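Work the whole structure out from these sequences, hints included.
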Amino acid sequence: MKRIVIALGGNALQQGSILATSESQLKVIKETSEYLADLIEKDYEIIITHGNGPQVGRILIQNEYSKNITPAMPIDVCGAMSQGMIGYHIQQSLKNELVKRKKTLSVLSLVTQVIVDKNDECFKRPTKPIGPFYSKEEAGKLEKNNGYVMVEDSGRGYRRVVASPKPVKIVELEAIKSLIESNHIVITVGGGGIPVVEEDGIFKGVPAVIDKDLASEKLAEDIDADILVMLTAVDKVAVNYGKIDQKNLDRMTVAEAENYIQQGQFPEGSMLPKVEAAVKFASGKEGRVSIVASLKKAKEAIEGHDGTIITK
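For our numbering, count along the sequence shown from 1 and bump the result up by 39.
Read the hints as simulated data drawn from the structure, not as lab findings. All figures in this text were calculated on a predicted structure; none of them were measured in a lab. Certain hints may be false.
When the alpha-carbon atoms are kept at most 20 Å apart in a straight line, the in silico SDA-like pairs for lysine to any residue are as follows [to be verified]:
| # | residue 1 | residue 2 |
| --- | --- | --- |
| 1 | K208 | I219 |
| 2 | K335 | R290 |
| 3 | K351 | V328 |
| 4 | K319 | P306 |
| 5 | K335 | E73 |
| 6 | K243 | D156 |
| 7 | K216 | E84 |
| 8 | K286 | K324 |
| 9 | K157 | K208 |
| 10 | K81 | A277 |
| 11 | K180 | Q101 |
| 12 | K216 | I154 |
| 13 | K324 | D263 |
| 14 | K81 | N222 |
| 15 | K275 | D192 |
| 16 | K41 | K183 |
| 17 | K319 | S309 |
| 18 | K338 | I79 |
| 19 | K41 | L218 |
| 20 | K286 | Q302 |
| 21 | K286 | N298 |
| 22 | K205 | N158 |
| 23 | K282 | R195 |
| 24 | K205 | G244 |
| 25 | K134 | V116 |
| 26 | K216 | D263 |
| 27 | K282 | E307 |
| 28 | K205 | I154 |
| 29 | K175 | D156 |
| 30 | K69 | K134 |
| 31 | K183 | P165 |
| 32 | K208 | L149 |
| 33 | K66 | D77 |
| 34 | K351 | G323 |
| 35 | K205 | G323 |
| 36 | K139 | V67 |
Next up, the structure:
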């Protein structure tokens, strides 16, 4: 049985064209759960991770607008809120789908902390997009009035960016391993995990959002997974993205991927961390495979018929 870490991107959790209510998010996740259940029926052992960029951004907006009524929570706490909310939706939807298919597996989400380096350079240079998209004019007002750092995101508009330190260690790793070995389907390191620093064995949250693909890669290594699958809005990784000579890639070796990275082919906070995570995982133990694909093509990609497959 192949062990697969599946990292769900934002499109698997929320549709950008629909009002971001709890009900609409749950509807999208119900559809996502059907694809996940298909993989379980194929006898793949799956461990689920997910992003939280849009959701944690909206929680922070709610904080901002209600701060005169109730105290605002720091970013790490907002990350924990999003982790619990999204994890709840996934575990409920996937369990319901498995019940329909007469599968008795249990599904649970684990609030997960991830240690980062307090001296990580990213704290000086934020790159992680969170929250909704804004026009250039709206972004300028937010920078001026709120002190946000706003950047253009892949031609889709402007978004707020925050620090995104690299994951160093998953605090609850042994619990995750134990749950997997007991045949539970685990949802973990949601939103990249809650970022914490460790000093003398004591943990403390820090204001950041860890990239979920890099955290998923760390998890995949630590639990000795066979495949790391990162599901996103596009079917394949592309070079010269958005240009007349765009080329979609069926396969990449680690060396080819590293060359494309050096060329600056992949934008920060978007495709770059996916390719970096893919390279790191595929570079490790012999036989490991990384895949970047769309949600609807996940099964085909795992079987080698779609997506972009990255190998050593």
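Under the criterion that the straight-line Cα-Cα distance not exceed 20 Å, is the pair K180, Q101 satisfied?
18 Å, holds
Given the proposed pairing of K216 with D263, does the C-alpha separation stay at or below 20 Å?
10 Å, holds
Are the Cα positions of K324 and D263 separated by 20 Å at most?
9 Å, holds
Starting from K216, check that the Cα of E84 is at most 20 Å away, please.
Status holds; Cα separation ~13 Å.
Between K205 and N158, is the straight-line Cα distance small enough, at 20 Å or below?
It holds: about 11 Å lies between the C-alpha atoms, which stays within 20 Å.
Straight-line Cα separation of K183 and P165 no greater than 20 Å?
OK: K183 and P165 at ~17 Å, within 20 Å.
Just to be careful, I want the Cα atoms of K286 and K324 compared with a cutoff of 20 Å; is the pair within it?
Not OK: K286 and K324 at ~29 Å, beyond 20 Å, violated.
So if I understand the rule, the pair passes when the alpha-carbon distance is 20 Å or less; does K208 with I219 pass?
18 Å, holds
Given pair status - N222, K81, alpha carbons within 20 Å
Holds, at about 15 Å.
Straight-line Cα separation of K335 and R290 no greater than 20 Å?
18 Å, holds
Given the proposed pairing of K139 with V67, does the C-alpha separation stay at or below 20 Å?
18 Å, holds
For the pair we were handed, K205 and G323, check the Cα-Cα distance against 20 Å.
18 Å, holds
Consistency note: the structure conflicts with the earlier hints numbered 8, 10, 16, 25 and 29.
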